[in-house]
Amino acid sequence: MQKRRSHPGTGRDVVARHGCPLGTLCTDLGNREDDLGPEAAKLMSLVLDWAEDQFRQLNTDDPRACAVHLLTGVQGGALLANAFRDPDLLTRHVRHLEEWIDSLS
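So in the numbering used here, spot 100 of the sequence shown is number 146, and the numbers just go up one at a time.
Everything labelled a hint here was simulated from the structure, so no lab data went into it. No residue lacks a Cβ here, since even glycine has one placed at the ideal position from N, Cα and C. Treat each hint with caution, since some may be false.
Label-pair distances were calculated between CB atoms; the ranges are [what the hints assert, rightly or not]:
#: 1; residue 1: Asp59; residue 2: Asp107; range: 19 to 27 Å
#: 2; residue 1: Asp134; residue 2: Leu68; range: 19 to 27 Å
#: 3; residue 1: Leu126; residue 2: Asp95; range: 22 to 30 Å
#: 4; residue 1: Asp81; residue 2: Arg138; range: 34 to 42 Å
#: 5; residue 1: Asp80; residue 2: Asp134; range: 15 to 23 Å
#: 6; residue 1: Glu145; residue 2: Val114; range: 15 to 23 Å
#: 7; residue 1: Pro67; residue 2: Arg102; range: 22 to 30 Å
#: 8; residue 1: Arg63; residue 2: Arg141; range: 14 to 22 Å
#: 9; residue 1: Arg63; residue 2: Gly119; range: 15 to 23 Å
#: 10; residue 1: Glu79; residue 2: Asp107; range: 37 to 45 Å
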């Protein structure tokens, strides 16, 4: 899995101020009563499927479970960073996720 390291002063500040754009979009569309809810789920599924493939390449026992863990970790970290307006919270949480991924290989 190719690693992306956090760079202070970039996307983390945007996420701390406005939340995760994808998570927010999927949540907002998912709350609608029209056909956009299922379409929003497709967006998140693309990310989840990609992550699953990355974990499959690492030969993990359950790539789907690892992908779900990663995505919930990222989305949860983004939600808390936004709620507390704390980009450092997101940076620390992503670092923990990176350490977890490193422990799998």
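*For the range 22 to 30 Å, tell me whether the beta carbons of Leu126 and Asp95 fit it or not.*
The hint (22 to 30 Å, Cβ to Cβ) holds, given that Leu126 and Asp95 are roughly 25 Å apart.
*Taking the beta carbons of Arg63 and Gly119, is their distance inside 15 to 23 Å?*
holds, 20 Å
*Determine whether the Cβ-Cβ distance between Asp81 and Arg138 falls within the hinted range of 34 to 42 Å.*
holds, 39 Å
_Can you tell me whether the CB distance of Glu145 to Val114 sits inside 15 to 23 Å?_
holds, 18 Å
_Pairwise beta carbon distance, Glu79 to Asp107, judged against the given window 37 to 45 Å_ = Hint holds: Cβ distance 39 Å, inside 37 to 45 Å.
_Verify the CB-CB distance for Asp134 and Leu68 against the hinted window 19 to 27 Å._
holds, 21 Å
*Per the hint of 19 to 27 Å, is the separation of the Cβ atoms of Asp59 and Asp107 within bounds?*
violated, 36 Å
*Take a look at whether the Cβ-Cβ distance between Arg63 and Arg141 falls inside 14 to 22 Å.*
For Arg63 and Arg141 the Cβ distance comes to about 20 Å; the hint holds.
*Range hint 22 to 30 Å: satisfied by the CB atoms of Pro67 and Arg102?*
holds, 27 Å
_Quick check on a hinted range of 15 to 23 Å for Asp80 and Asp134, using CB atoms only._
violated, 38 Å
The structure shown violates the earlier hints numbered 1, 5.
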